[in-house]
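Asks: What follows is the residue order along each chain.
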Amino acid sequence: MSPALLAVQILNGLDLGFILFLVASGLTLVFGVMDFINLAHGVQYMLGAYFAAALIAWSGSFWLGLVLGAAASLAMGLVLEWTVFRHLARAGHLEQVLATFALILIFTDGVSMIFGAGALSINLPPSLAQSVSFANGFSYPLWRLLVIAAGLAVALALWLLIARTRLGMLVRAGSTHPHMVQALGVDIDRLFLLVFAFGAMLAGFAGTMAGALTGVEPTMGDSVLILAFVVIVVGGVGSVRGALIAALLIGLVDTLGRAFATDIMSLFLSRSSAASAGPALASMLIYVLMALVLAVRPSGLFASGD
Amino acid sequence: MRTKHRLGISCVALMAATVAAKADPVRIGLMATLSGPASVLGTQVRNGFMLGVKELGGKLGGQPTTITIVDDQFKPDVAVARVKDLLQRDHVDIVTGIVFSNILMAVEKPVLSAGKLLISANAGPSPLAGAACSPLYFSTSFQNDTVHMAMADYANAEGIKKVVLIMPNYQAGKDAAAGFKHDFKGKIVDEIYTPLGQMDFSSELTKVASEKPDAIYTFMPGGMGVALVKQYHQSALVGKVKLLSGDTVDETSLPGIQDAALGTISASHWAPNMDNPQNKVFVASYEKAYGAPPSFYAAQGYDAAKLIDGALRKTGGKVDIEALRRAMDGVPFKSVRGAFKFNNNGFPIENFYQVSIVKRPDGKFVTKAGPKVMTMAKDIYSGACKLPPR
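In order, the protein sequences belong to chains A and B.
Residue 20 is where the first sequence starts when you use the working numbering, and the numbers rise one by one after that.
Residue 891 is where the second sequence starts when you use the working numbering, and the numbers rise one by one after that.
In isolation and in its complexed conformation, chain A is listed as follows (with noise of 0.2 Å):
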């Protein structure tokens, strides 16, 4: 294994780590805000990439699509707080499950019945569908590229907006006292729909990063939801510092296990038995961190409150 395919290796982690942490910071803050527990985080990535590969072959251009994709997000992300969310965040852990479990039926289904239910395209515009090439002939696909670039810079922009400003303050002191929170005069709702919105629009844009790579198909939010869930639980839950590393963590395990498992597998089996052993291995990996970071901090690695 040379370093150069190892460092092309974690670029590749890296990748998977920032789409998960931008589908887990909106998803940890309204679970640790609001102690809501949304399953249908995964229907909005999963929108905001069909927002954007319907609105980038409406306007022509991608970058329009891509923003107007963002803002339709947001503001899908807006009608489902007032129409659904708000009603449901008293109520308990039950009903928000299945509540937010029929929002993911309806729009996976209300998706393929509109747009079919075979995968569609975001086509990137050729100087970005391109890679950078590195020294000793290993490249990388510049999106992807991107796409790391685009999660440090909100993971930055979040850090400044909870770590510096007003509102920040409200939501760190509302994930950990929201009671204290609310008898100081702060109007609660209103905090959870700016969050949820956030949150939502955040996870669209992520659906958008990733579906540029993967395809947009109606179901592609389940998988990452799972992931997103790992992530928090790893992370703390209500944590963004917490789901950035456990997102890294994740998206560099996960990667890195189905990069050489095999390998590994193969210096102690036969070639055969490691070719079946090592994706077995590799897919069992990130559960194996997550009973390990939990058997030894039981809240995550970050619990809210630390």
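Honestly, the hints are just simulated from the structure, not real lab data.
Be aware that a few hints might be false.
What the hints assert, rightly or not - If you want a taste of the chain B side facing chain A, the calculated C-beta under 10 Å gives, among others:
#: 1; residue: 1089
#: 2; residue: 1092
#: 3; residue: 1115
Claimed, not checked - Straight line, CA to CA, 25 Å or less: simulated SDA-like cross-link-like pairs of lysine to any residue:
#: 4; chain 1: B; residue 1: 1077; chain 2: A; residue 2: 282
#: 5; chain 1: B; residue 1: 1102; chain 2: A; residue 2: 164
#: 6; chain 1: B; residue 1: 1071; chain 2: A; residue 2: 76
#: 7; chain 1: B; residue 1: 1132; chain 2: B; residue 2: 999
#: 8; chain 1: B; residue 1: 1249; chain 2: A; residue 2: 77
#: 9; chain 1: B; residue 1: 1254; chain 2: A; residue 2: 76
#: 10; chain 1: B; residue 1: 1052; chain 2: A; residue 2: 22
#: 11; chain 1: B; residue 1: 1276; chain 2: B; residue 2: 1022
#: 12; chain 1: B; residue 1: 1178; chain 2: A; residue 2: 132
#: 13; chain 1: B; residue 1: 1052; chain 2: A; residue 2: 283
#: 14; chain 1: B; residue 1: 949; chain 2: B; residue 2: 1270
#: 15; chain 1: B; residue 1: 1102; chain 2: A; residue 2: 21
#: 16; chain 1: B; residue 1: 1231; chain 2: B; residue 2: 1265
#: 17; chain 1: B; residue 1: 1102; chain 2: A; residue 2: 283
#: 18; chain 1: B; residue 1: 1130; chain 2: A; residue 2: 81
#: 19; chain 1: B; residue 1: 1052; chain 2: A; residue 2: 23
#: 20; chain 1: B; residue 1: 1254; chain 2: A; residue 2: 143
#: 21; chain 1: B; residue 1: 1052; chain 2: A; residue 2: 279
#: 22; chain 1: B; residue 1: 1102; chain 2: A; residue 2: 77
#: 23; chain 1: B; residue 1: 999; chain 2: B; residue 2: 1209
#: 24; chain 1: B; residue 1: 974; chain 2: B; residue 2: 1215
#: 25; chain 1: B; residue 1: 1052; chain 2: A; residue 2: 152
#: 26; chain 1: B; residue 1: 1075; chain 2: A; residue 2: 22
What the hints assert, rightly or not - Which residues of chain B face chain A? A partial, calculated answer using Cβ under 8 Å:
#: 27; residue: 933
#: 28; residue: 1061
#: 29; residue: 1077
#: 30; residue: 1081
#: 31; residue: 1090
#: 32; residue: 1113
#: 33; residue: 1142
#: 34; residue: 1145
#: 35; residue: 1147
#: 36; residue: 1148
Here a beta-carbon is modelled for each residue, glycine too, at the ideal position from N, C-alpha and C.
Model the placement of chain B on the given structure of chain A, informed by the hints.
Replies: Below, chain B without anything else, positioned relative to chain A:
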């Protein structure tokens, strides 16, 4: 004498048909993957089958026909529960459809041990072609390995020496690897198996770049294929490592892959341009009914409907499993792929063609069959099947 004899038979058949028409509707269970990312394949199989039924006025073999459509959800355990419903609740005589090999491997026992007919309209797992073959099993598609053998022949002819395989980790992925390896004369540098449903191939493509083969060979049905082909085209592998595929770039994935698919070479037993009258009717009416070009999945579904219809006409509408089975052995229909025979294991003996991708003037992408690469090919497992020729 002979004429009289025949006449006698058809008289009896006619009487049987009249009796059957009153008492005995034909009950068919159509199982396909109709939800999730893979549902685009199942939808095509169902559409093709139902188009065939509709053309026959909703009556297969001229008989009242009930068709129960069930969704296997791409989960073998769900499929087993659904197929038991079909057999015990709906009392079906024939189970057809079935897109994925892992689903077929889960339902073949319940169906065949109940003595019912099983007609696969897509899945072609190797175990059922070999020692575990059954006289009650028929396929209107192909044995999984065969397409990939044809592609290996193509790779040999192109002078490709080193190949990395990227396959989904399930029965059909393993069959695809086995089929390719069976015919490929060069060296397999690496075999990468990915979880079924994986959409991000960054790690695999990076690995390929470090292994520097002449080509990647892959089988990624549905959305997985869209993702892999697109990511390949964004990578620096283009121009250095060729991407060869079987059952990956077709009318189900082309709307997603689009222009990136142009130049792709594949192999198939069917494409919309197959030149025979029944195919022209099929392609035209499919596009009219569903607004999109059919894929080979739809063609196989359509053929399954026509096979059942033809067999019922031979038995005079009588739903007798033994009689139906014997009628099916004789290929009582005209396949949209042209030449078609059943091998001893119930899989087709058929031609394979080199397939390219064409963008039509209306902007839709279709596959186009070119030169024949395998003539009346039999699968490599039929020797292990102890059944006599059909």
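Asks: All hints, please: hold or fail.
Replies: Here is how each hint holds up against the structure:
Satisfaction of the interface hint for residue 1089(B) is found here, the shortest Cβ-Cβ separation to chain A being roughly 4 Å, below the 10 Å cut-off. With its C-beta approaching chain A no nearer than about 4 Å, residue 1092(B) sits inside the 10 Å limit, and its interface hint holds. With 10 Å as the threshold, the beta carbon of residue 1115(B) comes within range of chain A, its nearest partner Cβ sitting at about 9 Å, so the hint holds. A hinted pair counts as satisfied when its Cα atoms are at most 25 Å apart, and residue 1077(B) with residue 282(A) qualifies at roughly 18 Å.
With a C-alpha separation of about 23 Å, the suggested pair residue 1102(B) and residue 164(A) falls inside the 25 Å cut-off, and the hint holds. Distance restraint check for residue 1071(B) and residue 76(A): the Cα-Cα separation of roughly 41 Å exceeds the 25 Å cut-off, and the hinted pair is therefore not satisfied. A C-alpha spacing of about 40 Å is found between residue 1132(B) and residue 999(B), which places the hinted pair above 25 Å, so the restraint is violated. For the hint pairing residue 1249(B) with residue 77(A), the CA-to-CA distance comes to about 21 Å; that is within 25 Å, so the pair holds.
Under the criterion of a C-alpha separation no larger than 25 Å, the hint pairing residue 1254(B) with residue 76(A) is consistent with the structure, at around 15 Å. Only pairs whose Cα atoms come within 25 Å are accepted, and residue 1052(B) paired with residue 22(A) is accepted, the gap being roughly 24 Å. With a CA separation close to 9 Å, the supplied pair residue 1276(B) and residue 1022(B) stays within the 25 Å bound. Restraint check: the Cα-Cα separation between residue 1178(B) and residue 132(A) comes to about 18 Å, which is no more than 25 Å; the hinted pair holds.
A C-alpha spacing of about 23 Å is found between residue 1052(B) and residue 283(A), which places the hinted pair at or below 25 Å, so the restraint holds. For the hint linking residue 949(B) to residue 1270(B), the alpha-carbon distance of about 37 Å lies beyond 25 Å, and the restraint is violated. Pair hint residue 1102(B) plus residue 21(A) holds up; C-alpha atoms about 14 Å apart against a cutoff of 25 Å. As the CA atoms of residue 1231(B) and residue 1265(B) are separated by approximately 12 Å, the hinted pair is consistent with the 25 Å bound.
Distance check on the hinted pair: residue 1102(B) and residue 283(A) sit about 20 Å apart at the alpha-carbon level, within 25 Å; holds. For the given pair, residue 1130(B) sits about 28 Å from residue 81(A) by alpha-carbon distance, which is inconsistent with the 25 Å threshold. With a CA separation close to 22 Å, the supplied pair residue 1052(B) and residue 23(A) stays within the 25 Å bound. Pair hint residue 1254(B) plus residue 143(A) holds up; C-alpha atoms about 19 Å apart against a cutoff of 25 Å.
Our distance criterion of 25 Å between C-alpha atoms is met by residue 1052(B) and residue 279(A), whose separation comes to about 21 Å. With a C-alpha separation of about 40 Å, the suggested pair residue 1102(B) and residue 77(A) falls outside the 25 Å cut-off, and the hint is violated. Between residue 999(B) and residue 1209(B) the alpha-carbon distance is near 21 Å, which keeps this suggested pair within the 25 Å criterion. The hinted pair formed by residue 974(B) and residue 1215(B) meets the criterion: a straight-line CA distance of about 21 Å does not exceed 25 Å.
Under the criterion of a C-alpha separation no larger than 25 Å, the hint pairing residue 1052(B) with residue 152(A) is consistent with the structure, at around 24 Å. Pair hint residue 1075(B) plus residue 22(A) does not hold up; C-alpha atoms about 32 Å apart against a cutoff of 25 Å. Hint on residue 933(B) holds. Least Cβ distance to chain A is approximately 6 Å, under the 8 Å limit. Of the supplied interface hints, the one on residue 1061(B) is violated, with its beta-carbon coming no nearer than about 13 Å to a beta-carbon of chain A, more than 8 Å.
Residue-level restraint check for residue 1077(B) is violated (minimum Cβ-Cβ distance to chain A is 14 Å; threshold 8 Å). With a cut of 8 Å, the hint placing residue 1081(B) at the interface with chain A holds, because the nearest CB-to-CB distance is about 6 Å. At a threshold of 8 Å, the smallest CB-CB gap from residue 1090(B) to chain A is about 6 Å, leaving the interface hint in force. For residue 1113(B), the interface hint holds, the least distance from its beta-carbon to any beta-carbon of chain A being 4 Å, beneath 8 Å.
With 8 Å as the threshold, the beta carbon of residue 1142(B) comes within range of chain A, its nearest partner Cβ sitting at about 6 Å, so the hint holds. Taking 8 Å as the C-beta contact cut-off toward chain A, the hint placing residue 1145(B) at the interface holds, the least distance being around 6 Å. Proximity of residue 1147(B) to chain A holds as hinted, the smallest CB-CB distance being about 7 Å (cut-off 8 Å). The beta carbon of residue 1148(B) comes within 6 Å of a beta carbon in chain A, closer than 8 Å, and the hint placing it at the interface holds.
Of the numbered hints listed earlier, those contradicted by the structure are 6, 7, 14, 18, 22, 26, 28 and 29.
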